[in-house]
Structures are given as C-alpha cells and as structure tokens.
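As they're listed, the protein sequences go chains E and X. Add 117 to a position in the first sequence, counting from 1, and you land on the number used in the working numbering. Add 95 to a position in the second sequence, counting from 1, and you land on the number used in the working numbering.
Keep in mind that the hints were calculated from the coordinates and are not lab data. Careful: at least some of the hints might be erroneous.
[Said to hold, decoys possible] Distance windows between CB atoms, simulated:
id: 1; chain 1: X; residue 1: 331; chain 2: E; residue 2: 260; range: 53 to 63 Å
id: 2; chain 1: E; residue 1: 239; chain 2: X; residue 2: 145; range: 33 to 43 Å
id: 3; chain 1: X; residue 1: 315; chain 2: E; residue 2: 293; range: 19 to 29 Å
[Said to hold, decoys possible] Below 25 Å or equal to it, Euclidean Cα-Cα: the simulated SDA-like pairs (lysine to any residue) are:
id: 4; chain 1: X; residue 1: 211; chain 2: E; residue 2: 372
id: 5; chain 1: X; residue 1: 229; chain 2: X; residue 2: 317
id: 6; chain 1: X; residue 1: 211; chain 2: E; residue 2: 133
id: 7; chain 1: E; residue 1: 257; chain 2: E; residue 2: 216
id: 8; chain 1: E; residue 1: 257; chain 2: X; residue 2: 130
id: 9; chain 1: X; residue 1: 229; chain 2: E; residue 2: 135
id: 10; chain 1: X; residue 1: 211; chain 2: X; residue 2: 310
id: 11; chain 1: E; residue 1: 257; chain 2: E; residue 2: 212
id: 12; chain 1: X; residue 1: 229; chain 2: E; residue 2: 237
id: 13; chain 1: X; residue 1: 211; chain 2: E; residue 2: 176
id: 14; chain 1: X; residue 1: 211; chain 2: E; residue 2: 135
id: 15; chain 1: E; residue 1: 257; chain 2: E; residue 2: 227
id: 16; chain 1: X; residue 1: 211; chain 2: X; residue 2: 102
id: 17; chain 1: X; residue 1: 229; chain 2: E; residue 2: 251
id: 18; chain 1: X; residue 1: 211; chain 2: X; residue 2: 319
id: 19; chain 1: X; residue 1: 229; chain 2: E; residue 2: 194
id: 20; chain 1: X; residue 1: 229; chain 2: E; residue 2: 232
id: 21; chain 1: X; residue 1: 211; chain 2: E; residue 2: 136
id: 22; chain 1: X; residue 1: 229; chain 2: E; residue 2: 174
Source: prediction; values computed, not measured. We treat Cβ as the ideally placed atom computed from N, Cα and C, and that holds for glycine.
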Amino acid sequence: MDAAAVLSFDQVSIQFEDVVALRSVSFAVGSSESLIVLGAAGSGKTTLLKIALGLLRPDSGRVHLFGQDVTGIAETEWFDVRSRIGVLFQEGGLFDSLTIEENVAYPLRYQRLLEVPEEQIAPRVQQSLDFVELGHTLEKFPSELSGGMRRRVGIARAIVTQPQLLLYDSPTAGLDPITANNIVSLIVKGRDLRHTTTVMVTHRAQDGEIMAGYRFDARTQHLVPSQNGARASTRYLVLRDGEVVFDGTPGELAASRDPYVVRFARH
Amino acid sequence: MLDLLKTPVVSFQEFVFLSLRTLRGLLRRPHYFDDIFLQMDIIGVGSLPVVVLTGFFSGAVMALQMSRALQTYGAATQVGQIVAITLVREMGPVLTALMVAGRNASGMASELGSMKVTEQIDAMRALGTDPILKLVKPRLVATAFVLPLLTIISDFVGMIGGWLVACLLLSLTTSSQYWNNSWRALEYNDIAQGLIKPFVFAIVIALVGCFYGMRTTGGTQGVGRATTQAVVVASVWVVVLTFIIGRVFVNM
Numbered sequence: 118m119d120a121a122a123v124l125s126f127d128q129v130s131i132q133f134e135d136v137v138a139l140r141s142v143s144f145a146v147g148s149s150e151s152l153i154v155l156g157a158a159g160s161g162k163t164t165l166l167k168i169a170l171g172l173l174r175p176d177s178g179r180v181h182l183f184g185q186d187v188t189g190i191a192e193t194e195w196f197d198v199r200s201r202i203g204v205l206f207q208e209g210g211l212f213d214s215l216t217i218e219e220n221v222a223y224p225l226r227y228q229r230l231l232e233v234p235e236e237q238i239a240p241r242v243q244q245s246l247d248f249v250e251l252g253h254t255l256e257k258f259p260s261e262l263s264g265g266m267r268r269r270v271g272i273a274r275a276i277v278t279q280p281q282l283l284l285y286d287s288p289t290a291g292l293d294p295i296t297a298n299n300i301v302s303l304i305v306k307g308r309d310l311r312h313t314t315t316v317m318v319t320h321r322a323q324d325g326e327i328m329a330g331y332r333f334d335a336r337t338q339h340l341v342p343s344q345n346g347a348r349a350s351t352r353y354l355v356l357r358d359g360e361v362v363f364d365g366t367p368g369e370l371a372a373s374r375d376p377y378v379v380r381f382a383r384h
Numbered sequence: 096m097l098d099l100l101k102t103p104v105v106s107f108q109e110f111v112f113l114s115l116r117t118l119r120g121l122l123r124r125p126h127y128f129d130d131i132f133l134q135m136d137i138i139g140v141g142s143l144p145v146v147v148l149t150g151f152f153s154g155a156v157m158a159l160q161m162s163r164a165l166q167t168y169g170a171a172t173q174v175g176q177i178v179a180i181t182l183v184r185e186m187g188p189v190l191t192a193l194m195v196a197g198r199n200a201s202g203m204a205s206e207l208g209s210m211k212v213t214e215q216i217d218a219m220r221a222l223g224t225d226p227i228l229k230l231v232k233p234r235l236v237a238t239a240f241v242l243p244l245l246t247i248i249s250d251f252v253g254m255i256g257g258w259l260v261a262c263l264l265l266s267l268t269t270s271s272q273y274w275n276n277s278w279r280a281l282e283y284n285d286i287a288q289g290l291i292k293p294f295v296f297a298i299v300i301a302l303v304g305c306f307y308g309m310r311t312t313g314g315t316q317g318v319g320r321a322t323t324q325a326v327v328v329a330s331v332w333v334v335v336l337t338f339i340i341g342r343v344f345v346n347m
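In isolation and in its complexed conformation, chain X is listed as follows:
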C-alpha cells in the first residue's frame, strides 16, 4: 500500500519544489524577456484560432440548447443573460483553459522532455543558465499573461455566437435586448471570477507542462508519456480548480 502511494506523493513533492523554485525565480535575474515574448506569441497568438472557434460554438450551442427551456417558461428574451453569465463565469475560462492545456501543456512537456533526454537541459546548466529561469519562468509568465486575455476573447466571441443563434437564427429576442440583458446580467463578482480562474489555470497548466517535461526519462517513449501525463493532469486540475474557485465565489 505504501509503495503504491510513494510514487504520487514523491511526484507531488517534486512538483511543489519546482513550483516554489519557479515562483522564487520570478524576482530573480536574468529575466529573458525575449523568451517571454516568444512564448506569449506561441501560446497566445498560436492558440487564438482554436480558442475563438471553441468560444464561438460554445456560445452558439448554449443559446440553441437554452432556447427550448426558456421558451417553456416564456423567458426566451433572457437568453443573453444566460449565455453571458454561463460563459463569463464558467464555460469561457474552463474551455479556453482546456484548449490551452491540450495545446500548450503538451507542447511544453514534449519540448522540455526532448531537451531533457538529449542532455540539452544538463548542457544548459553546465553552460551557465538556470533552466528554471530560462525555460520554466518564461512559459509561466507568458501563460499567466495571455490566458486571461484569451478567455476575454473567447467570452466575447461566445456571446456573438449566442447572439447569432438567438437573434438571427431563432429570432428569440432582438439584438438590443440580447446585448442589454447580457451586459446587465454581469456583476463585478462574475468578472472577477472569470478573470481569476484563467490566471490560476494558467499557473497550473504551465507548471504541470514544464514539470512533466523536466522530469522526462526513457528516451522518445518517455517524451510521449510525459506529454500525455501533462495534458491529463493539467485538464483534471482545471476542472477541479474551477469547482473550488466557484465554491469560494458562491459563498461571497
């Protein structure tokens, strides 16, 4: 029994150590701004198409599915409110984070994993560079910066998707009513929740991706294993954390 628990406990301990070293490294020089901007481009601009598509269709589907239920209660005009609250509080942050986890946690794990098994990380240390500052910190900072922005874009595009379905396809409400209801439905609490979540998810996605990359062993097979683990663990943490953060905000 103890042997079964040993591996996950040791892994978690190593993850905590890496996280602490990275967080401490945030203030340490050098800062490698070039790498931070490069990662922002890879993670932010690179993820934009998939995030826009996901956001658009999640808003559209939500309006589509809610239309029948709202019509039953004669509240079809409230579709904008439902779409806005659901997207900003929950769907936008979670779906965007899952897309970025699938795309970038895997990318980080495979890139760093390949570097690890070909001794590039050892070479980096031997040649005067701290891999935590050079590899992990830029990915963490870039993800923490761009994921909230991607979420805002996803939320907005999702509302456009909902508007297209609700106003143009199903004629449930007028455009002005849809946007007015959407705007008025959102409170500061929703906006805060919708921005804190992607910030926390970003930290977890970047650290999990880098963690599995940095501890890769076993050649190319090990890189594949690390990539899969990074995506699975990051995705699970996203859905667990959305519940925990949601619970905190519900009580506020």
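Next up, chain E with everything else stripped away, as it sits in the complex:
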C-alpha cells in the first residue's frame, strides 16, 4: 500500500451472517485527495466508511490510517485516531437531546486529544455553523430543522475540529436536487479551503460530478468549473455488491465501457 496514503484498504472483506458486505476491497487516498465512492443501495458503501472509522472490524485485510496500521487496534486507541477524522453520517447522526450548539461543540468537548479550552469552543462552533450558513440556529434542537439543515449541521460538526480526513456518508440521500447540490457545494468548499482529504460515498453520480468538476473560488465565494486541479486529485471507486468494479480518475470513469459503470455512474 501507498506509504503516503491518509487512508488505505488492502484486501478488506467483511461478512454479516451469510451476506458478504465487502469482498477484497483495496484502495488508497493520498493527502488532499478526494475519493468518491459510488454504488447502489446495499453495495457496501456505508460499511466501507464504518470500517474506515473503526466502527466495524473487518474479517480480513488491513486498514491503514495516517500511516498507521489500525486493523486490530483496541477501541481506546481508536478514540485517538478518530480525533483526526471528521464524519457526516447518512441521517446526520445528530444527538436529538442536545441543541445545535451542543451538537457541534460535542467533538471539541469530548475528543480527548484535542483538549480545546472551554473559552475557544463557542467561537469555533459559531464559525463552523456560519460556514454552513446556520449560525442563527444555535439554540434550536435537531427536530426543529429540515432534513437539509440537519445535514448542514452534520457538516459543521464534522469540520469543527479541522480534521485531516473527512468522511461523508451519502450526504445527499433523501434530499431534493437543489438542497443536495447545496450540500455538495459545501463539501467542495470545505475541501478546497482547508485542502482536507475527503471520502464521500453516494449513490448520485451528480454528487461526484460536482466534486470532481468544480472547485471553490475564494475570491468570488462561488464554485467554478475546475480546470485540472480538482479533477487531478479526485478518484472514483465504484462498488457493486461489495466488490470494486472500478477504481480510477474521472476521465477513466467517463471512458469506462463496463456496463455497470456506464449504467450507474453515468445515470
């Protein structure tokens, strides 16, 4: 595996009861790169992210994070590794008994390695919520927000610690196309402002197209079509029934003749 990779899977397999969720999956994501994992429902996308986060343990294969083999490490060691990772869960994964402010502040308060002083928490939470344009929702509870807003709060919580690796689990699932595009735009903005290594799993080919085809222009504060930058540092991984059927650049994806890739990745 690539020694410089932020996240790499080497022949990772996992099975639930009789169902194989991932079979010999291998890939590597380098620093500041983006990986878009495309696949239909049940193809193993979420399982892949959960293994990358240490929430599931693979049956076989090796997982490396930040150059460290994390395959068999104990849960207590995982907490240290996870403090360098930000994650957005499919449904947002917000704590419904906590306010938006408490939700976003949660990793700052509880990630052991971060040790953020209490007086720095409120400004960082505000800054993170302003980034997703929800700075006015501090006192609200997740149930008072729409699905798209909850997803944006999830993004704010994922980036508040300024992690080295960001994992997005189907960030646009169940959202209307306009809201979905706004969410992906925020992800692109976060990626380009901080040059964070990003892994996004999705079933929407459009999400990948925005990730690969656009970059955030800090001067105009808008997304603009990328010339080469974003495309060169973006890779696609297409999963089908737990197996990798495609691993390559956006250009290679566009040129692929694999029927599944053609049918799925290009609508």
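Take the given structure of chain E and dock chain X to it, following the hints.
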C-alpha cells in the same frame, strides 16, 4: 435444534460481554457525573410516585388478607410482624424492582434503541465518546444507587398501609403494638436480604435495558421490539433472582 439454541446463546454471550465491559468501565475515566445525577433523577425521583403507590397498597392488601387468617388463630395482633417481614424480605424489593423494570428498563431500551437506529451511538463513538461509559455506566450506577433507596421507601410506606388497615380500618391491634411487633420482627438477616436484592435487581434491570437498547436493529419497529424484550427479560430475571437470593438467605 442447534439453530434454535444459537440465537439465545449468542444473545447471552453478548449480554455477558456488555456486562463485563460495563463493570470494567466502572473504574475507567471519564465518569460523566452529570449523566449519573441526571439518571438518578429520572430513575429515582421519577419512579417515586409509582413506587409509593405500589408499596402502600401492597402493605394495605397484605394486612387485609392476613387479617382473617390471623383472627382464626387468635393472632390478629401479629399482623405488624407479618406485614414487616413479608414486605422487607420479599414484596418490597420485588414489587419495586418490577415497577422500575417496567418504567426504566423500557425507557433505557427505547432511548438507546432510538439512538442506535438513528446512528447516534455510532456518532458518539466517532466523536470520541465510549457509549459504554457515557450511556450504560451512568444508568447502571444510578439504578444501583436509587433502587435500594426506593425499596426502603416502599417498605416503609407499605408498613404505613398495613397500619392504616390493621389499626384504623379493622382495629385488629393498637398502633404501638403494630409498630413494636413490626420492629421486633425484623432481624439483620431480613434487612440484609431486603437491601441486597434491590442492589442485584438494579444491576440486572439496568444492564438488560441497556443491552436491548444497544443491539436494536430494524428502525422504529425494532425499538418497540427491544423495549418489550427489555421489560419481559428484566421482570423474569427479577422473579428468578429473588428465589435464588431467598434460597441463599434461608440456608444462612
């Protein structure tokens, strides 16, 4: 046959693992005292009305039912003794535990189950918190602390219920005789039994409630299923354990 046994054996194994991790976590930091006090309030103060009502009427009913039998043998004055021993040894701990199991094991299973199916427990782990320390440990510690206290209150209120029926309603005995007999009937063995039982029940109720919550799958339907299972299993364990502990103390 083996397939039939597989599910309960695997469940029990998972329950043992969760219990061991929680017991080991009792000494591990962080301790989340805020959550422990919050759970004490929810479980202890929240269960107080139902426990007081149950305790009162169980004492009253016991005095009522025993009155005829005791009068037959000319031992109506001993009603305080019967009420005290039965309440402190058996009825108080068991009925209080069943009330708390119905109210709190279900609450724990549904709360943790909802968190599980909405990925909040995964999020908790991803954001640097061990759910065993943050969710299970506070509930276990709080239940183990408040259930014996609730039982003491239930026992006392039950004796008041018995006193009302025996002295004021049926005039079986005088107040001083009732309380004197109740007090003298109780031995250290009874008190120990009456306090060890709720402590053991509390551990089982909290662990069973949290266990079924933490392994919930299948959306809202799964939460309902987990809640029902938690109450049923916790209640059955309470009645089984009361027999086992009672058997141990009878031999002492």
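For this session: Of all the hints given earlier, name the ones this structure violates by number, lowest first.
Result: 1, 4, 9, 17
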